[in-house]
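Chemist: So the chains spell out like this:
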Amino acid sequence: MKHFALLVLLAAALLSACGPVNAPAPVPTAGLPTTTLIPPTATLEPRTLNVFAAASLTGAFTEIGHNFETANPGVTVALNFAGSQTLGTQITQGALADVFASANHTEMDKLVSGGLVQQDAPRDFLTNKLVVILPSNNPANVQTLQDLSRPGLKLVIAADTVPAGKYARQILANLSQDPSFGADFQTRVLANVVSNENDVKLVVAKVQLGEADAGIVYISDSIAAPQLLTIDIPMNFNVVAKYPIAVLINTPKPALAAGFITYVLSPAGQAILKKWGFTPITP
Amino acid sequence: MRRLFRNLSIDRNPGWVFILPSLVLIGLLGLPLVALVWRATGKDFFGYVLSPVALSALKLSLLTSTVSVLIALAAGTPLAYILARWNFRGKTALELLIDLPVVLPPSVAGLALLIAFGRQGVFGVWLYKIGISLPFTTAAVVIAQTFVSAPLFVRSAHVGFAGIDKKLEEAAVVEGANEWQVFRFVMFPLAGRALLTGLVLTWTRAMGEFGATILFAGNLEGKTQTMPLAIYLGFERGLGVAIALSVMLVVVSILLLSILRRLERRSSGAAQDI
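Which chain is which? The protein sequence lines are G and A, in order. Reminder that position 141 of the first sequence reads as 141 in the working numbering, one-by-one numbering, no gaps. Every position in the second sequence, counted from 1, becomes a number in the working numbering once 283 is added.
One thing to keep in mind: the hints can contain errors.
Claimed, not checked - The list that follows gives simulated cross-link-like pairs (lysine to any residue, SDA-like), each with its CA atoms no further than 20 Å apart:
id	chain 1	residue 1	chain 2	residue 2
1	A	Lys506	G	Leu190
2	A	Lys412	G	Pro139
3	G	Lys110	A	Leu522
4	G	Lys166	A	Ile398
5	A	Lys412	G	Gly152
6	G	Lys253	G	Gly74
7	A	Lys412	A	Ile398
8	G	Lys253	G	Thr92
9	A	Lys506	G	Pro151
10	A	Lys342	A	Ser536
11	A	Lys506	G	Asn192
12	A	Lys506	G	Asp160
13	G	Lys253	G	Asn80
14	G	Lys253	G	Thr48
15	A	Lys412	G	Asp160
16	A	Lys412	G	Leu209
17	A	Lys506	G	Arg188
18	G	Lys166	A	Tyr515
19	A	Lys506	G	Gly152
20	A	Lys506	G	Thr187
21	A	Lys450	A	Asn461
22	A	Lys412	G	Gly74
Unchecked claim - Computed far set for chain G versus chain A, every beta-carbon distance over 12 Å:
id	residue
23	His66
24	Gln85
25	Asp109
26	Gln118
27	Pro135
28	Pro139
29	Gln170
30	Arg188
31	Ser195
32	Ala205
33	Asn236
34	Ala258
Treat the hints as calculated values from the structure; they're not laboratory data. For every residue, glycine included, the Cβ atom is placed at its ideal position computed from N, Cα and C.
Go ahead and model the full structure; you've got the sequences and the hints to work with.
Modeler: Put into structure tokens, the structure is as follows:
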């Protein structure tokens, strides 16, 4: 399904590449050589800000986008949600993004080393933790974290390329360090994985439909789906997922993009993130 | 370019009005494939093709698409025969039902399958009670592939059966053949080419199935991760495996399509002979 999104993106990219571009007309200015080109100002027509955000941010950034549009008349926030690794690849392959909000530093760092994001640009804007979710009728009668290793249990997690999938595997590795779980805990749990989903929201969907017995997702996802049962992962085993956000170097609207990030980091923006189950980074 | 078209054109004036728009489309269809093959050619190509991820995806795709094709053949042939030879109430509705998966987005197919045959699905709950849970299994891959591809076989076989001269059938009946014998010794051999065409179409469609599979069967290497799924995930893991698998699928598709062309040419030739 996401390849539809890709196609749309591709089409959009093609269109914007061959569509009428505001040709910068040479404007003679006093005191300057007549050949100086003045770039077209972005304020002339309705502006669209392309925000690429991790799938886990779907609810929160939709609300933030609305508020930002209300505060900035004429601005449209176009949101593209997917697994951060998908977004990272899209941007690397030339997708037009103005802002990138990733669920981990790995994907952001790839863009920094690829010269698409300035070295010091990424700023952490929230933290998140993970939790085990179960369908409301708990078909496999999962009561503890230990139950996840019970043979035959159907566990769905995100793929190991997806930030949520990386974090989940890291937590399982942490639990395996504890003698009460046993050194082979991670192996036994991973043997129960019936599907590696492409983003964290798909994990939630499979558990919501009752097709999987359990899933490992962000706390924010479980808050967005309140009918699901949850099992907490103790802090000493859990991971603190730091989400970085940054302006892309190639954006034609750096000021608007920076304004969006400022709003995300503002008390109002952070309050929205908190409402959606994230831990704000600024107190 | 003019030279190329000269012999085909009646007034010896090809007309750029036709050529230029065509070139746009030809470029759109051809350039991505050129780019794919261009990127794939490198010393690592065979390394990627022989990587465990690629091999297990290839194996799974071959297995599941073959089973899907066999199901289409076993269940689709009688169905096509019924559609071609019998008249009954609701036949139009049945034909519509069979045509529908061809035009439905695969994501709709996947969701529908999940809601129908999932563990908590409308019919899946009964299956679950007798210990069958379909999602996340290789069987689910086959079901998804059959759902989207078998209609192609039924359509083709339907046309094949319908095109057979009624007199041949009547002659067989006069000779004392029963319905099964008519089917087995008259209809089936005569529709052979149409059935084969349907099989090839079904096979290519099953091999390429993506949307319904990822929704209904999930994604697990060696179990439900077919080639299209491995390409999609490989796309994020590093393009090497994805490109190698894509080229393999393109090659397989070209092979199957050329078989198809040959079949079609022969059948039209045969029609002229009669």
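Chemist: Run every hint past the structure and note whether it holds.
Modeler: For each hint, the structure was consulted:
1. A:Lys506 <-> G:Leu190: holds (14 Å)
2. A:Lys412 <-> G:Pro139: holds (12 Å)
3. G:Lys110 <-> A:Leu522: Holds, at roughly 15 Å.
4. G:Lys166 <-> A:Ile398: violated (29 Å)
5. A:Lys412 <-> G:Gly152: holds (16 Å)
6. G:Lys253 <-> G:Gly74: holds (14 Å)
7. A:Lys412 <-> A:Ile398: Status holds; Cα separation ~16 Å.
8. G:Lys253 <-> G:Thr92: Given that 20 Å is the threshold and the Cα spacing comes to 19 Å, the pair holds.
9. A:Lys506 <-> G:Pro151: Within the cut-off at roughly 17 Å; holds.
10. A:Lys342 <-> A:Ser536: holds (16 Å)
11. A:Lys506 <-> G:Asn192: holds (13 Å)
12. A:Lys506 <-> G:Asp160: Distance of about 17 Å is within 20 Å: holds.
13. G:Lys253 <-> G:Asn80: Status holds; Cα separation ~17 Å.
14. G:Lys253 <-> G:Thr48: Between G:Lys253 and G:Thr48 the Cα gap is close to 9 Å, so the pair holds against 20 Å.
15. A:Lys412 <-> G:Asp160: Judged against 20 Å, a Cα distance of about 33 Å means the pair is violated.
16. A:Lys412 <-> G:Leu209: holds (17 Å)
17. A:Lys506 <-> G:Arg188: Holds - the C-alpha atoms of G:Arg188 and A:Lys506 are around 17 Å apart, at most 20 Å.
18. G:Lys166 <-> A:Tyr515: Judged against 20 Å, a Cα distance of about 18 Å means the pair holds.
19. A:Lys506 <-> G:Gly152: holds (15 Å)
20. A:Lys506 <-> G:Thr187: Distance of about 18 Å is within 20 Å: holds.
21. A:Lys450 <-> A:Asn461: Given pair A:Lys450, A:Asn461 holds - Cα atoms ~15 Å apart, limit 20 Å.
22. A:Lys412 <-> G:Gly74: violated (56 Å)
23. His66: Consistent with the label, G:His66 stays out of reach of chain A, its closest Cβ about 27 Å off (over 12 Å).
24. Gln85: About 4 Å separates G:Gln85 from the closest Cβ of chain A, which leaves it inside 12 Å; violated.
25. Asp109: holds (15 Å)
26. Gln118: holds (24 Å)
27. Pro135: violated (8 Å)
28. Pro139: The claim breaks: G:Pro139 does not keep its Cβ more than 12 Å from every Cβ of chain A (closest is about 7 Å).
29. Gln170: Holds, because the least Cβ-Cβ distance between G:Gln170 and chain A comes to about 18 Å, which exceeds 12 Å.
30. Arg188: For G:Arg188, whose nearest Cβ neighbour in chain A is about 16 Å away, the distance exceeds 12 Å, so it holds.
31. Ser195: Nearest chain A Cβ is 3 Å from G:Ser195, so the label is violated.
32. Ala205: For G:Ala205, whose nearest Cβ neighbour in chain A is about 9 Å away, the distance does not exceed 12 Å, so it is violated.
33. Asn236: For G:Asn236, whose nearest Cβ neighbour in chain A is about 30 Å away, the distance exceeds 12 Å, so it holds.
34. Ala258: holds (28 Å)
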